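> So the sequences go chain by chain: A and B.
Quick note on our numbering: the first sequence kicks off at 1 and runs consecutively.
Quick note on our numbering: the second sequence kicks off at 263 and runs consecutively.
No lab work stands behind these hints: they were computed from the structure.
Just so it is clear, the structure is predicted and the values come from calculations on it, not from any experiment.
Check the hints yourself; a few may be wrong.
To be verified - Computed footprint of chain A on chain B, listed as stretches where at least three residues anywhere in the stretch have a Cβ under 8 Å from a Cβ of chain A:
1) 269-283
2) 292-301
3) 341-348
4) 370-380
5) 395-403
6) 420-431
What the hints assert, rightly or not - Chain A residues, not near chain B, derived (Cβ > 10 Å throughout):
7) G30
8) T146
9) M179
10) G205
As the list claims (entries may be wrong) - With the C-beta cut set under 10 Å, the calculated list includes, among others, these residues of chain A facing chain B:
11) P4
12) R5
13) V44
14) V249
Beta carbons are placed, not taken as given, at the ideal position from N, Cα and C, and that holds for glycine.
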Amino acid sequence: MLKPRVIPTLLVDGPSIVKGANFDNWRTVGTLPPALNVFSARDVDELVIVDVRASRTREPIDSAILTECFGRCFVPLTIGGGVSDLQTALSLFEAGADKIIVGSASFENPNLIVDIVSVVGSQSVIGAIDVAGADGEWRCLTNGGTVTTTHSPIPSAQRLVDHGVGEVMLTSISRDGTMLGYDLDLIETMRHAIDVPLLASGGAGSSQDMCDVIAEYGADAACAGSLFQFTEVTPADVRQDLFDAGVPVRMTVGASGRRLDD
Amino acid sequence: MLRQAGIEPSIVSSSGQLQAFDQVILPGVGHFEAAMRRLTETGLADDLREYVATGRPLLGICLGMQLLSVSSEESVDGHPVGGLGIVPCQVVHLGALGCTERVPHVGWNAVEVTDSGRKTFKAIPNQADFYFVHSYAVDPDSIRESDVTSYTTHSVRFVSSLRFGEVRGVQFHPEKSSHFGRLLITTFLELSPSC
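Could you build the full structure based on these sequences and the hints that come with them?
Right, dumping it as structure tokens:
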């Protein structure tokens, strides 16, 4: 049966990895290639890289950097950040992306996703919804959280699904970078509204947070940025905790050569 | 992944070059109708059929496996589109098989290796997880059972890999499936006639 995914998220500005809180106060904390080596060695389920500068400015991600990085990684790589036209989208696939994320541009150009999907298929496109607010008062933000729209997340996500995205990545800006836990109300509400795989993002503060959002709230994947970069918790720890909680997880060969379920 | 195995691959994108190779991998990310149009326009579709007729090994991955079929439902308006016709089988949407889980089927899922698949999955444990990302699959009722090398279940059973002579196809992405994926590619590379 299909296994839930534990996905490290790397936020970058060009080749630099950045850390922020609530999509603001960005500071550089490292570079991409060593981080990719670490996650590759950790045999993660999947990796998401979002260029937050490209999200803000809507300039294309530097795909030359990405090409260097892809050769290191033998698990699926998803790339996003400011994808606003078909050509940019296709160039990311050329550079080696397995999936791309389209966020802000989908609000301005509803046809963009339809066009991309007709070339690469639904399974290659993730629609991103970035949300500010809490307790049911939610609004979508675009351009890396710098522009507030009047759109609500649920109808926006439903629109993305109608246009053909294969998955939806839902990020709580209010929780992002805080490690205070996911916005579970938001996740739960979205889970009941859409049928495509749902990636929970923004706020993961512990392995328990990631297990709960998968086991209790129905997310198909749990993403974490700060948790994996700034604490000792590893994706393997989360998979072990999921396994111990009776949730089927991906069979891997660990560093010791032993299987997770040995 | 191929380079790590000591192989230097060449990328072929125009006609007339395939016959020079001992092994061919047909990758695939994308859309069946668009891919078939491209293969036909470039002459690669005929090249692939000729290559296969010489009995040399071919590995189709994901869309590459689906392209081997006689036809697929994945088209802009839903009408069946002809494939390469190399492997007798049909590709349908997972929903058409009765799938009640979320589509596309994205993520890690287990392969149930059949007797026919023992060589393809040499050294890989049964029920090992590979990375899938697709909405369409080969209908198990459309293919001869002995050509199926593994099944996978996503609320319904579909063909996750097949073998037809020296032509092999895998619905999952071995190049994205880490350790077990690498083993599968290595096994395929050992099939070179010169080995």
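> If you take the shortest Cβ to Cβ gap from A/V249 to chain B, is it below 10 Å?
The hint holds - A/V249 has a Cβ within 10 Å of chain B, the shortest such distance being about 8 Å.
> Can you confirm whether chain A covers the region 420-431 of chain B, using C-beta to C-beta distances below 8 Å and requiring at least three such residues?
violated (count 0)
> Against chain A, does the region 341-348 of chain B show at least 3 residues with beta-carbon separation below 8 Å?
Violated, because only 0 residues of the region 341-348 of chain B bring their Cβ atoms closer than 8 Å to Cβ atoms of chain A.
> Are there at least three residues in the region 269-283 of chain B whose beta carbon sits under 8 Å from a beta carbon of chain A?
Per the Cβ count (0), the hint is violated.
> For the region 292-301 of chain B, do at least 3 residues have a Cβ located nearer than 8 Å to some Cβ of chain A?
This one holds; 3 residues, not fewer than the three required, reach chain A with a Cβ under 8 Å.
> A/G205 clear of chain B by more than 10 Å, beta carbon to beta carbon?
holds, 24 Å
> Per the coverage rule (Cβ-Cβ under 8 Å, at least three residues), is the region 370-380 of chain B covered by chain A?
Since three or more residues must qualify, the claim that chain A covers the region 370-380 of chain B holds, with 3 doing so at under 8 Å.
> Given as covered by chain A, does the region 395-403 of chain B meet the bar of three residues or more with CB within less than 8 Å?
holds (count 3)
> Against chain B, does A/G30 keep a CB gap of more than 10 Å to every residue?
holds, 23 Å
> With a cut-off of 10 Å, does the beta carbon of A/V44 approach a beta carbon of chain B closely enough for the hint to hold?
holds, 9 Å
> Closer than 10 Å between Cβ atoms is the bar; does A/P4 clear it against chain B? Give me holds or violated.
At 7 Å from the nearest chain B Cβ, A/P4 passes the 10 Å test, so the hint holds.
> Per the CB criterion, is A/R5 less than 10 Å away from chain B?
With Cβ-Cβ at 5 Å, under 10 Å, it holds.
The structure fails to meet hints 1, 3 and 6 from the earlier list, while all remaining hints are met.
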